[in-house]
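Novice: Residues per chain are reported as follows:
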Amino acid sequence: MAKAAARKTTPAASSSVERRPALAGRSTTAAAVKVEVLPPVERVSLRAPEASAAALSKALGVTLPKKPKTSASKGGRTALWLGPDEWLVIDEAGNDPLADCAGVAALHSAVGISHRNIAISVTGAGAAATINAGCPQDLSLDAFPVGAASRTILGKTEIVLLRTAADAFRVECWRSFSDYVFTFLSEGSRDAAV
Amino acid sequence: MLLIRCPYCEEERPELEFRNAGEAHIARSANMAGESDDDFEKFFFIRSNPKGIIYERWRHMHGCARFFNAVRDTVTDRFVMTYKAGEPKPSKLPGVGK
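Residue numbers (my numbering), protein chains in the order written: chain W, 1 to 194; chain L, 1001 to 1098.
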């Protein structure tokens, strides 16, 4: 019952249950790059065999990409290819992708990881150079076009990288690593400006 | 930096994303309890450790997270080829003379 009551409470109504995301409000602006913490979103780690992909795509409203290093986006919901049977689903529209997956009978595993990750946006002309300060992947537009997504590393931590525009990236990292990742990107943005 | 081709991601990726996972094509006995101590020792501890071509398991740890097999030259550290887990040992290696 307490749970149900907590769900009905809107954040504005009670300051005692205010959600405080890690790094909230932090941002760095260098000459060519802006590094910002993005607002909380709903996230699902989705594992499913190929046979279930069609049913899950229909339920989620976005076609799960089958090609490596790609993503698909529709109506504020993005599905990122992480592995041959693994996707990261991000919902920025405030809907719950976990609930949509729950109604699918086809074999799959959907795990809510909304609070596990922190998203950081890196935008500006030096965005790729900033991330390349600690990420060994080729981030030129030929190798990593707009919409490309990949799990990779940044310095000592694992990140999920999504290119949202030619000069904009979304960096998803684990919450406990977020301080390190944000500081790393801030330092990188200073170097990228040189 | 060494570039390793991941057969699942279908492209070459920097070595920092990968982890070595030991020698490949070591078959586990279906009847492990019936193995003699000598046979178990061979299966569990003894590795070929060749000078030259070696067949290894690698994992694209910070990428697609899949295990795959790679053929590597231990002298030059060059990756001859990679192939998906479960596929048989390649009979012919590209660019390697017998």
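For the record, the hints were derived by calculation from the structure and aren't laboratory data. Quick reminder that beta carbons are idealized off the backbone N, C-alpha and C, glycines included. Fair warning: there could be bad hints in the mix.
[To be verified] Calculated pairs, DSS-like style, for lysine-lysine (alpha carbon to alpha carbon, straight line, at most 27 Å): (1) Lys1084/L to Lys67/W; (2) Lys34/W to Lys74/W; (3) Lys66/W to Lys1051/L; (4) Lys1089/L to Lys1042/L; (5) Lys1051/L to Lys1089/L; (6) Lys1092/L to Lys1051/L; (7) Lys34/W to Lys58/W; (8) Lys1084/L to Lys1051/L; (9) Lys1089/L to Lys67/W.
[Unchecked claim] Example chain W residues on the side facing chain L (calculated, C-beta under 8 Å, incomplete): (10) Pro65; (11) Lys66; (12) Pro68; (13) Leu82; (14) Asn132; (15) Pro136; (16) Ala148; (17) Ser150; (18) Thr152; (19) Ile153; (20) Lys156; (21) Glu158.
Novice: Now tell me, hint by hint, if it's right for this structure.
Specialist: We went through each hint and held it up to the structure:
Taking the CA atoms of Lys1084/L and Lys67/W, the gap is about 16 Å. The hint holds against a cut of 27 Å. As the CA atoms of Lys34/W and Lys74/W are separated by approximately 26 Å, the hinted pair is consistent with the 27 Å bound. For the hint pairing Lys66/W with Lys1051/L, the CA-to-CA distance comes to about 39 Å; that exceeds 27 Å, so the pair is violated. This hinted pair checks out: Lys1089/L and Lys1042/L have alpha carbons roughly 20 Å apart, not beyond 27 Å.
For the hint linking Lys1051/L to Lys1089/L, the alpha-carbon distance of about 18 Å falls within 27 Å, and the restraint holds. With a C-alpha separation of about 19 Å, the suggested pair Lys1092/L and Lys1051/L falls inside the 27 Å cut-off, and the hint holds. Restraint check: the Cα-Cα separation between Lys34/W and Lys58/W comes to about 36 Å, which exceeds 27 Å; the hinted pair is violated. Taking the CA atoms of Lys1084/L and Lys1051/L, the gap is about 24 Å. The hint holds against a cut of 27 Å.
Between the alpha carbons of Lys1089/L and Lys67/W the distance comes to roughly 26 Å, so the proposed pair stays at or under 27 Å and holds. A distance limit of 8 Å between C-beta atoms decides the matter here; for Pro65/W the minimum to chain L is near 13 Å, and the interface restraint is violated. For Lys66/W, the interface hint is violated, the least distance from its beta-carbon to any beta-carbon of chain L being 12 Å, above 8 Å. For Pro68/W, the interface hint holds, the least distance from its beta-carbon to any beta-carbon of chain L being 4 Å, beneath 8 Å.
A distance limit of 8 Å between C-beta atoms decides the matter here; for Leu82/W the minimum to chain L is near 7 Å, and the interface restraint holds. The criterion of a C-beta within 8 Å of any C-beta in chain L is not met by Asn132/W, whose closest approach is roughly 11 Å, and the hint is violated. Checking Pro136/W against chain L: minimum C-beta separation of about 4 Å stays under 8 Å; hint holds. For Ala148/W, the shortest C-beta to C-beta distance to chain L is roughly 11 Å, which exceeds 8 Å, and the interface hint is violated.
Taking 8 Å as the C-beta cut-off, the interface hint given for Ser150/W holds, the closest approach to chain L being about 7 Å. About 6 Å separates the beta-carbon of Thr152/W from the nearest beta-carbon of chain L, less than 8 Å, and the hint is met. Nearest Cβ of chain L to the Cβ of Ile153/W: about 5 Å, under the 8 Å cut. The hint holds. Evaluation of the Lys156/W hint against chain L yields a violated restraint, the C-beta minimum of about 10 Å exceeding 8 Å.
At about 5 Å, the closest approach between the beta carbon of Glu158/W and any beta carbon in chain L falls short of 8 Å, and the interface hint on this residue holds.
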